[in-house]
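*Asks:* Here is what each chain is made of, one letter per residue.
Protein chains: 2
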Amino acid sequence: MGASTGQGYEIARKSREIVRKLISEDLASLRDEEAAIVERIVHSTADPEYARLTEFSQDFVDAALDSLRSSGEILTDIEMVRAGISRPASCHIRDPEVREIAKKRDITRAAASMEYAAERGFRGIVVIGNAPTALMKVIELTVEGIMDADAVIGVPVGFVGAAESKEALRKTDIPHMITRGPKGGTPVAVAAANALIALSGGVEV
Amino acid sequence: MGASTGQGYEIARKSREIVRKLISEDLASLRDEEAAIVERIVHSTADPEYARLTEFSQDFVDAALDSLRSSGEILTDIEMVRAGISRPASCHIRDPEVREIAKKRDITRAAASMEYAAERGFRGIVVIGNAPTALMKVIELTVEGIMDADAVIGVPVGFVGAAESKEALRKTDIPHMITRGPKGGTPVAVAAANALIALSGGVEV
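Here the protein sequences come in this chain order: X and S. Counting from 35, one number per residue, gives the positions in the first sequence under the working numbering. Counting from 35, one number per residue, gives the positions in the second sequence under the working numbering.
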């Protein structure tokens with residue numbers, strides 16, 4: 035899991051054993067690929083609760099892997115998520131155009147960055163690790179046919195709006211992964227994206 | 035908390051209210067600055083457990099604020115942490131020299147990056163959000179007088195080595211903040227660093 039040395043490899047191996055023991059019951063009902071994603075999330079957060087909170091739409095894994103294998107892009111809501119993903123991804127939150135859109139319409143920069151990506155012809159996987167407002171915007175744009183989201187990792191975090199935005203995603207036909215309730219965040223988003231990237235290349239996660 | 039719009043501001047305000055209600059008992063025994071840091075961590079993770087897990091050495095807040103106010107640097111273990119911090123910070127994990135050090139001596143790149151920073155005369159706050167091996171190296175280098183760490187935010191995450199590395203930091207004289215046990219991670223590290231940055235400028239966190 036990202037370690038380049040013997041010591042790092044050994045830590046990852048031991049951690050994987052511990053994680054599997056902690057959440058084996060939760061993994062039993064999942065597809066192999068889904069289990070690999072959940073394992074990586076629990077490894078990254080040291081929080082076994084994510085095995086209960088993480089949910090996939092039935093078509094998520096196939097849609098996400100198809101997207102990655104057909105050169106789909108990866109779009110993130112914030113720079114922290116982009117920085118953690120193991121292949122090039124886009125994040126527009128700091129673009130001056132996005133600041134302008136946000137200011138003009140009094141929406142968050144995270145939400146404005148999704149409009150901006152859609153306008154520029156984005157197609158691929160959207161990874162929302164922080165902002166409920168960005169996830170709500172992705173849902174709106176995708177349902178309206180303005181945004182081409184092949185799959186959405188929707189794991190914004192927070193006590194205001196995050197749970198609601200994930201429930202809204204759950205009710206759509208968009209292939210998705212969520213964490214129920216207020217919890218989620220950048221490590222969850224990054225772990226899920228990197229697990230998919232490894233799976234798409236046939237690499238063991 | 036980083037929101038630039040009316041909508042973002044309103045979300046942050048409501049979240050703050052909820053966080054304060056959830057953890058008011060845990061905050062009662064803390065200094066105002068410590069309470070502000072813990073609030074921000076719980077806001078960022080939506081995980082009230084951090085109010086119980088977070089611990090400060092008595093000298094941490096003063097040492098960290100003095101460092102920031104006297105142009106101390108900020109050094110992080112991984113890029114995700116650097117990307118989240120609201121003022122310029124350094125991260126050497128991708129430097130070619132660091133890869134070389136790690137390879138030669140079979141230590142992790144995160145640990146090697148701390149040696150590299152110390153060699154280059156780093157002085158300031160070290161923020162470890164991911165790698166226990168990096169934190170162990172910071173302790174070793176600081177105790178030996180090779181590294182000039184004014185304060186350490188030590189919140190690596192994981193089931194192998196993370197708790198131990200934080201207990202090791204706790205036993206030193208280095209001004210520090212930790213989260214006890216396996217939990218911690220990049221959002222905790224970033225929240226703590228950004229809370230200190232806001233406090234150092236007299237800004238309400």
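Honestly, the hints are just simulated from the structure, not real lab data. Among the hints, a few may not be true.
Intra- or inter-copy, both count: the list cannot distinguish identical chains.
To be verified - Okay, derived cross-link-like pairs now, DSS-like style, lysine-lysine, Cα gap no bigger than 30 Å in a straight line:
{"id": "1", "residue 1": "Lys137", "residue 2": "Lys48"}
{"id": "2", "residue 1": "Lys138", "residue 2": "Lys48"}
{"id": "3", "residue 1": "Lys138", "residue 2": "Lys55"}
*Asks:* All hints are to be evaluated individually against the structure, with a verdict given for each.
*Replies:* These are the hints, each one checked on the structure:
Taking the shortest alpha-carbon separations for lysine 137 and lysine 48, only the inter-copy value of 21 Å comes in at or below 30 Å, while the best intra-copy value is 48 Å. With identical chains, the CA atoms of lysine 138 and lysine 48 are at most 30 Å apart between copies only, with a shortest distance of 23 Å across copies and 51 Å within one. For the identical chains of this complex, lysine 138 and lysine 55 are neighbours neither inside a copy (51 Å) nor across copies (34 Å), given an alpha-carbon limit of 30 Å.
Comparing the model with each numbered hint stated earlier shows that hint 3 is the single one that does not hold.
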